[in-house]
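Enquirer: Here are the chains, one letter per residue:
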Amino acid sequence: AQTVTQSQPEMSVQEAETVTLSCTYDTSESDYYLFWYKQPPSRQMILVIRQEAYKQQNATENRFSVNFQKAAKSFSLKISDSQLGDAAMYFCVYGQNFVFGPGTRLSVLP
Amino acid sequence: NAGVMQNPRHLVRRRGQEARLRCSPMKGHSHVYWYRQLPEEGLKFMVYLQKENIIDESGMPKERFSAEFPKEGPSILRIQQVVRGDSAAYFCASSPKASGGFADTQYFGPGTRLTVL
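Line order of the protein sequences matches chains A and W.
Heads up: take any position in the first sequence, counting from 1, add 220, and you land on our numbering.
Heads up: take any position in the second sequence, counting from 1, add 3, and you land on our numbering.
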C-alpha cells in the first residue's frame, strides 16, 4: 500500500520569508498525481498545487512551487514571500487512492 | 459554480442514534468521495461512489456505516447506532472524472463535524 510521510509536524516562517515543507511517498506505480492541500482554521480543504508524475517540470502556482524528485520519491512544497494567510495545516497527498500524509502545521510570524 | 456542499455543518447525536450526512457535488461532477478526519490527523478515505454505484468502499467500517449516491439528490453517508469513537469531521469531495485509483483532482466540501455525546 502507498504511504505518505511528512517528517515535519510543525514549521514556522517569518512573514515575507521562504519556507519548504517536505514530503516523501512510497509507491510502485510509474504514473500518478501528487497534490498539496492546505487546511486553514476554517477546516476547508483547499487545493494548493498539483503535479503529474510523468511531467519533469516542477509545478508552480504563484508563490507556491514544488521540487518533485521522482527517483527519490520526494515532493516538497516551497512557499515564497510567506503571508499571514498561509498559516494552515498542509497535507501532501498521493493521488492514486488519495492517500494523505499526516500534515505539517505551518505558522507564519509577523 | 457552487462548490461542494455539505450539510449539516455540525451534528450532535447521542450514543445509539443515527447520523445522516449529506453531500452535493459540484455541478458537472459525478464522482463523490467520503473521508473522515480525527483531530490533528490527515483525512482517511472511506468510500468512493458514482451515481447509483459504490466503486470502492475499502475504507468503510464493516458495520454501522453505509453510503449511497442516488440518481437524484445528494450523496448520503449514514452511521447507525453511533458511538463516541465516531466523533470526527467527515469530508466529502467530488471530481469530474476518475480513472482507476481516482487520480483526478478532488474538490472538498467544508465538512460535517459530528459529535457523539
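These are computed hints drawn from the structure, not numbers from a lab.
Hints should not be assumed to be uniformly reliable.
Quick list of the computed label-pair ranges, beta carbon to beta carbon [unchecked claim]: (1) A:322 with W:8: 38 to 48 Å; (2) A:272 with W:84: 42 to 52 Å; (3) A:287 with W:23: 11 to 21 Å; (4) A:289 with W:18: 40 to 50 Å; (5) A:292 with W:13: 25 to 35 Å; (6) A:277 with W:75: 19 to 29 Å.
To list a few chain W residues with every Cβ distance to chain A over 12 Å, as calculated [unchecked claim]: (7) 12; (8) 33; (9) 66; (10) 98; (11) 116.
Each residue gets a CB set at the ideal place from its N, CA and C atoms; glycine is no exception.
Enquirer: Each hint: holds or not?
Expert: Evaluation of the provided hints:
Under the hint 38 to 48 Å, the C-beta atoms of residue 322 (chain A) and residue 8 (chain W), about 28 Å apart, miss the expected range. Roughly 43 Å separates the CB atoms of residue 272 (chain A) and residue 84 (chain W), a value that falls within the hinted 42 to 52 Å. Distance hint check for residue 287 (chain A) and residue 23 (chain W): the Cβ-Cβ separation is about 43 Å, which falls outside the suggested range of 11 to 21 Å. Between residue 289 (chain A) and residue 18 (chain W), the C-beta spacing of about 48 Å keeps the proposed range 40 to 50 Å intact.
At roughly 42 Å, the beta-carbon separation of residue 292 (chain A) and residue 13 (chain W) lies outside the given 25 to 35 Å, and the hint is violated. The hinted window of 19 to 29 Å between residue 277 (chain A) and residue 75 (chain W) is violated, with their beta carbons roughly 43 Å apart. Some Cβ of chain A comes within 12 Å of the Cβ of residue 12 (chain W); the nearest lies about 10 Å off, and the non-interface call is violated. Distance to chain A confirms residue 33 (chain W) as a non-interface residue, since its nearest Cβ pair spans about 17 Å, more than 12 Å.
With a least beta-carbon separation of about 23 Å from chain A, residue 66 (chain W) lies farther than 12 Å from that chain, consistent with its non-interface assignment. Annotated as non-interface, residue 98 (chain W) brings its C-beta within 12 Å of a C-beta of chain A; the closest such distance is 10 Å. With a closest Cβ-Cβ approach of about 8 Å to chain A, residue 116 (chain W) is found to fall inside the 12 Å limit, against its non-interface label.
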